[in-house]
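Participant: Sequence:
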Amino acid sequence: MVAESAYEAERAAKIARNKAMLASLGIEKPAEKPARGRPLESRKRPVEEPMQRRSSRLQEQPRPTSVDSPMRLRRKVSLQRNVSYSEVEAVVLSKIAETKIILDRHQRQRRGIYLERAKNIKPNNARTDTTYSTNEKNRRLMNDTGVDAPRRIVHEYQVSLDRGSHGLCINLGILKQCVCVVNFRRPAPNVLGPAELCGQIKPGDKLVSIDGHILYGGDDFKRRWESYRTAAKITLGFRRFLGEA
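Take 1 as the starting number for the sequence shown in the UniProt record's numbering and just add one per residue.
Keep in mind that the hints were calculated from the coordinates and are not lab data. Do not take every clue at face value.
[Stated by the list, open to error] Per label pair, the in silico range of CB-to-CB distance:
| id | residue 1 | residue 2 | range |
| --- | --- | --- | --- |
| 1 | E116 | A90 | 36 to 46 angstroms |
| 2 | P187 | R239 | 42 to 52 angstroms |
| 3 | G204 | R108 | 16 to 26 angstroms |
| 4 | I102 | R151 | 50 to 60 angstroms |
| 5 | N190 | V154 | 55 to 65 angstroms |
| 6 | V182 | V154 | 53 to 63 angstroms |
| 7 | H106 | W225 | 42 to 52 angstroms |
[Stated by the list, open to error] Computed list of lysine-lysine pairs in PhoX-like fashion (alpha-carbon distance at most 20 angstroms, straight line):
| id | residue 1 | residue 2 |
| --- | --- | --- |
| 8 | K222 | K233 |
| 9 | K222 | K206 |
| 10 | K176 | K202 |
| 11 | K222 | K176 |
| 12 | K176 | K206 |
For glycine and all other residues, C-beta sits at the position ideal for the given N, C-alpha and C.
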């Protein structure tokens, strides 16, 4: 015989105590009747794991056929939820696509505007100034001093001036993007300044260089003049128009 385990021995003892207690009280437990003539041992179910019992119970359970079944309603709700999620996702993707199209169109428009500006902008140098002038003025300047201008005979010279107590005593002006000598200034009625005293500079001469640095328009002259305005000695280069060739 197989030795009984401690659990089975304890269970048999508990059953015996319960039967003795019922017999002492005069209550007898009815004997179990076997189902369909089978012995009681055939009705015992084998011991299974919890997960196995759950899976077997789900397999044995028939699928719900009622319209109001909780499982069917739950499945219907999940399907509706999936459909709503898919619709929302489709709407969001369409909005993203529309936004990308709008952004691309805006970038193309900006790029086109920049290209148009780049085509219309002309070089801003001493001869052509498109910021503060018109095309007619630029054309006139090009005809006067540009590559289309007729050949001219000019005289270029340099003068070294010592700054006096009253400065160089010369007035310069910007005319047609060129710096020209306007007139001389005298500290006193009978006193000549350094520029007029040298005897080479005349009104109308164009200033082309300062201490060997060639000038490129009025802005360049202002920047150079700020650095040399307090120098004790300065060398100025001029150009004088003599006639057309």
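Participant: For each hint, tell me whether it holds in the structure or not.
Facilitator: Comparing the hints with the structure gives:
{"no.": "1", "hint": "E116 - A90: 36 to 46 angstroms", "result": "39 angstroms, holds"}
{"no.": "2", "hint": "P187 - R239: 42 to 52 angstroms", "result": "28 angstroms, violated"}
{"no.": "3", "hint": "G204 - R108: 16 to 26 angstroms", "result": "53 angstroms, violated"}
{"no.": "4", "hint": "I102 - R151: 50 to 60 angstroms", "result": "58 angstroms, holds"}
{"no.": "5", "hint": "N190 - V154: 55 to 65 angstroms", "result": "34 angstroms, violated"}
{"no.": "6", "hint": "V182 - V154: 53 to 63 angstroms", "result": "19 angstroms, violated"}
{"no.": "7", "hint": "H106 - W225: 42 to 52 angstroms", "result": "46 angstroms, holds"}
{"no.": "8", "hint": "K222 - K233", "result": "18 angstroms, holds"}
{"no.": "9", "hint": "K222 - K206", "result": "15 angstroms, holds"}
{"no.": "10", "hint": "K176 - K202", "result": "18 angstroms, holds"}
{"no.": "11", "hint": "K222 - K176", "result": "15 angstroms, holds"}
{"no.": "12", "hint": "K176 - K206", "result": "11 angstroms, holds"}
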